[in-house]
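Q: Chain by chain, the residues:
Protein chains: 2
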Amino acid sequence: MKLYDVTQAPNPRRVRMFAAEKGIDLECVQVDMAKGEHKTPEFLQKNPSGKIPVLELDDGTCIGESVAICRYLEAIQPEPNLFGEAPVELAQVEMVHRQIELELFSQVGTSWVNGPVVGKLFAGRIEQIPAAKDKSDKLTHAFYERLNRQLAEAPYIAGDRFTIVDITTLIIVDFATAMVGLKPAEELENLWRWHALVSARPSASA
Amino acid sequence: MKLYDVTQAPNPRRVRMFAAEKGIDLECVQVDMAKGEHKTPEFLQKNPSGKIPVLELDDGTCIGESVAICRYLEAIQPEPNLFGEAPVELAQVEMVHRQIELELFSQVGTSWVNGPVVGKLFAGRIEQIPAAKDKSDKLTHAFYERLNRQLAEAPYIAGDRFTIVDITTLIIVDFATAMVGLKPAEELENLWRWHALVSARPSASA
Chain A
1 MKLYDVTQAP
11 NPRRVRMFAA
21 EKGIDLECVQ
31 VDMAKGEHKT
41 PEFLQKNPSG
51 KIPVLELDDG
61 TCIGESVAIC
71 RYLEAIQPEP
81 NLFGEAPVEL
91 AQVEMVHRQI
101 ELELFSQVGT
111 SWVNGPVVGK
121 LFAGRIEQIP
131 AAKDKSDKLT
141 HAFYERLNRQ
151 LAEAPYIAGD
161 RFTIVDITTL
171 IIVDFATAMV
181 GLKPAEELEN
191 LWRWHALVSA
201 RPSASA
Chain B
1 MKLYDVTQAP
11 NPRRVRMFAA
21 EKGIDLECVQ
31 VDMAKGEHKT
41 PEFLQKNPSG
51 KIPVLELDDG
61 TCIGESVAIC
71 RYLEAIQPEP
81 NLFGEAPVEL
91 AQVEMVHRQI
101 ELELFSQVGT
111 SWVNGPVVGK
121 LFAGRIEQIP
131 AAKDKSDKLT
141 HAFYERLNRQ
151 LAEAPYIAGD
161 RFTIVDITTL
171 IIVDFATAMV
181 GLKPAEELEN
191 LWRWHALVSA
201 RPSASA
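In order, the protein sequence lines correspond to chains A and B. Its first residue numbered 1, the first sequence is counted upward by one per residue in full-length UniProt numbering. Its first residue numbered 1, the second sequence is counted upward by one per residue in full-length UniProt numbering.
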């Protein structure tokens, strides 16, 4: 299995970390987004959305979307379980995962797309909306506070055990901190305790 | 099982349609969002995100997020399968579902939040960004065109059979058309053929 990858980007890191937790080796192929390699006709055949990562199976089947790739890996290698097992747990992991993606990741993404790094990289080629960045910056910090409150009640984001939700949240927080200027405030102690706990896993450096 | 519901909203409709496909009866309890019933302390206990729908199980456990509710229903009632079965199909359904949600639903949502209906309903209580609406209007129509091209190759959004992706796409297109002024162009014939096919299912009026 071959993973079309961008080392610095959050979504490919999610897949690499998930695969490492499963003990699955992936052959990583770097895609140079600055050169537009993800928008060539050949690449759009693999993923019409023109996004990284893509997992290419040995028979040539391509799977885009990092969470879809993770579900594939969970299906072929069920242990350790990372999406939930019994119906209620499975639903709760999905619920919290979606809250994180819809209420945190989407805001960080809006701040990123409308922020200075992207503005410089794609100068003149994209439309940026500063008011959208300001609003998303505020919503991101508000969500960090909510997470900090939730993490006073449980060690992991979706409850008592490590799941894909911790992987997703780690890759978002690290990306927001390093690339978007959205580091969580120092006083959010529960959030930082969780961050240290999850960052200490060997998979975090995959 | 009790579903906290808003008849006109897209996400509760997704759950009602999914449950109807499974032959599962849900007791629907209407929540009056105009009166702020989804933001009361009692409701926030059920769902800290303050969103509809929420499924309340007989033991009081609450599941928010429409897709998490659908996954619960799929787990307790596996037939007919709507999320995919073998690993590759399961991943492909998830991939296409996420493309629809991230590239279509999120744009329709941005146009809705920054559009005239919401502006009137929440006058003075929310910040609207007209440039964000304009950008999302354009991206929505561009995605409709992509869907139309994909539907030249397969009868359903995720391929040869009906899945949750068709439910999600139907509730988005109908909401975009009725409430957001984003009706797909008449000439998108494959899209409209698919729309007629899926709208004819008894579950579409659930």
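Among the clues, some could well be false.
The list makes no distinction among identical chains, and a pair is therefore deemed to hold if it is satisfied within one copy or across any two copies.
[To be verified] List of simulated lysine-lysine pairs, DSS-like, C-alpha gap at most 27 Å: (1) 135 with 35; (2) 35 with 2; (3) 138 with 46; (4) 46 with 35; (5) 22 with 138; (6) 138 with 35; (7) 135 with 120; (8) 46 with 2; (9) 120 with 22; (10) 35 with 22; (11) 183 with 46; (12) 39 with 138; (13) 39 with 135; (14) 120 with 2; (15) 135 with 22; (16) 120 with 39; (17) 2 with 135; (18) 120 with 138; (19) 2 with 138; (20) 2 with 183; (21) 22 with 39.
Bear in mind the hints are in silico, worked out from the structure with no lab data behind them.
Q: A separate judgement is required for each hint: does it hold in the structure or not?
A: Structure-based check of each hint:
no. : hint         : in the structure
1   : 135 with 35  : between (31 Å within a copy, 25 Å between copies)
2   : 35 with 2    : within (21 Å within a copy, 52 Å between copies)
3   : 138 with 46  : between (36 Å within a copy, 25 Å between copies)
4   : 46 with 35   : within (17 Å within a copy, 47 Å between copies)
5   : 22 with 138  : neither (36 Å within a copy, 41 Å between copies)
6   : 138 with 35  : between (33 Å within a copy, 25 Å between copies)
7   : 135 with 120 : both (21 Å within a copy, 20 Å between copies)
8   : 46 with 2    : within (12 Å within a copy, 42 Å between copies)
9   : 120 with 22  : neither (38 Å within a copy, 50 Å between copies)
10  : 35 with 22   : neither (32 Å within a copy, 47 Å between copies)
11  : 183 with 46  : neither (34 Å within a copy, 29 Å between copies)
12  : 39 with 138  : between (32 Å within a copy, 20 Å between copies)
13  : 39 with 135  : between (30 Å within a copy, 21 Å between copies)
14  : 120 with 2   : neither (31 Å within a copy, 50 Å between copies)
15  : 135 with 22  : neither (37 Å within a copy, 40 Å between copies)
16  : 120 with 39  : within (19 Å within a copy, 40 Å between copies)
17  : 2 with 135   : neither (38 Å within a copy, 35 Å between copies)
18  : 120 with 138 : both (23 Å within a copy, 23 Å between copies)
19  : 2 with 138   : neither (38 Å within a copy, 34 Å between copies)
20  : 2 with 183   : neither (33 Å within a copy, 39 Å between copies)
21  : 22 with 39   : neither (30 Å within a copy, 40 Å between copies)
In this structure, the earlier hints numbered 5, 9, 10, 11, 14, 15, 17, 19, 20 and 21 are contradicted, and the remaining ones agree with it.
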